[in-house]
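Trainee: Chains as they are written, first to last, in the working numbering: chain F, 130 to 238; chain E, 302 to 416.
The set of hints was computed from the structure by calculation and includes no laboratory data. Treat the numbers as computed from the prediction; the structure is a model and nothing was measured. Ideal Cβ positions, reconstructed from N, Cα and C, are used throughout, including at glycine. Warning: the hint list may mix true and false statements.
Which chain F residues stay away from chain E? Per the calculated CB distances, all over 12 Å, these [what the hints assert, rightly or not]:
{"no.": "1", "residue": "Glu144"}
{"no.": "2", "residue": "Thr153"}
{"no.": "3", "residue": "Pro238"}
Label pairs and their in silico Cβ distance ranges [said to hold, decoys possible]:
{"no.": "4", "chain 1": "E", "residue 1": "Thr321", "chain 2": "F", "residue 2": "Asp136", "range": "22 to 28 Å"}
{"no.": "5", "chain 1": "E", "residue 1": "Asp355", "chain 2": "F", "residue 2": "Lys171", "range": "28 to 34 Å"}
{"no.": "6", "chain 1": "F", "residue 1": "Gly222", "chain 2": "E", "residue 2": "Gly352", "range": "16 to 22 Å"}
{"no.": "7", "chain 1": "E", "residue 1": "Gly304", "chain 2": "F", "residue 2": "Ala196", "range": "48 to 54 Å"}
{"no.": "8", "chain 1": "F", "residue 1": "Arg205", "chain 2": "E", "residue 2": "Arg412", "range": "33 to 39 Å"}
{"no.": "9", "chain 1": "E", "residue 1": "Arg310", "chain 2": "F", "residue 2": "Ala149", "range": "34 to 40 Å"}
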Amino acid sequence: RKEVEQDPGPFNVPEGATVAFNCTYSNSASQSFFWYRQDCRKEPKLLMSVYSSGNEDGRFTAQLNRASQYISLLIRDSKLSDSATYLCVPDTGRRALTFGSGTRLQVQP
Amino acid sequence: DAGITQSPRHKVTETGTPVTLRCHQTENHRYMYWYRQDPGHGLRLIHYSYGVKDTDKGEVSDGYSVSRSKTEDFLLTLESATSSQTSVYFCAAGGDRFEAKNIQYFGAGTRLSVL
Numbered sequence: 130r131k132e133v134e135q136d137p138g139p140f141n142v143p144e145g146a147t148v149a150f151n152c153t154y155s156n157s158a159s160q161s162f163f164w165y166r167q168d169c170r171k172e173p174k175l176l177m178s179v180y181s182s183g184n185e186d187g188r189f190t191a192q193l194n195r196a197s198q199y200i201s202l203l204i205r206d207s208k209l210s211d212s213a214t215y216l217c218v219p220d221t222g223r224r225a226l227t228f229g230s231g232t233r234l235q236v237q238p
Numbered sequence: 302d303a304g305i306t307q308s309p310r311h312k313v314t315e316t317g318t319p320v321t322l323r324c325h326q327t328e329n330h331r332y333m334y335w336y337r338q339d340p341g342h343g344l345r346l347i348h349y350s351y352g353v354k355d356t357d358k359g360e361v362s363d364g365y366s367v368s369r370s371k372t373e374d375f376l377l378t379l380e381s382a383t384s385s386q387t388s389v390y391f392c393a394a395g396g397d398r399f400e401a402k403n404i405q406y407f408g409a410g411t412r413l414s415v416l
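Start from the sequences, fold in the hints, and give me the full structure.
Mentor: Dropping the structure here:
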């Protein structure tokens, strides 16, 4: 089983829609999680950190389900500028992080 | 601005030639990383460093070597470039995980084409 699995998408949604992505992880030792966003041909940038059951930052909400070993990212009121690939990253306590391959979101006018 | 600079940003080279990519950081992060990103594979770790002269291999380290002689610089060398090493290379840096935030910040990437 892969350490991190994400639906590659693309998720095509209209502006204003609510969209959610799931990310499953295999290492139950993962204590914290990160969501990064990566625009086309750009570097990944940190979107959100999750250290407990979840986190909320404006239109973005991350929820962690440790029993089922998945973390979700919910985006409300989608904007065209939200179009990007979203990378899920569990922190297992090792020095290096393992990045998911990402879920591509395309917000359409 | 994460304070991480990669050079060169673009490079075209020929098979069999040596190539060195440079990563420079200004935030005094202890950890530095080199990744490659290819379609369908996401980010894959090549090598990382946990201090000056302390490095370790990642999942795709064959054909690559690294060096870190100063906290701020982390070099990635392809001793003899092959076409399979055509990729986008990202450098990242982050703090000591014992500072409770194992967050990585990325440079803008280097696009390498090996012909």
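Trainee: Identify every previously stated hint that the structure contradicts and give their numbers, smallest first.
Mentor: When the structure is compared with the hints, numbers 4 and 7 turn out to be violated.
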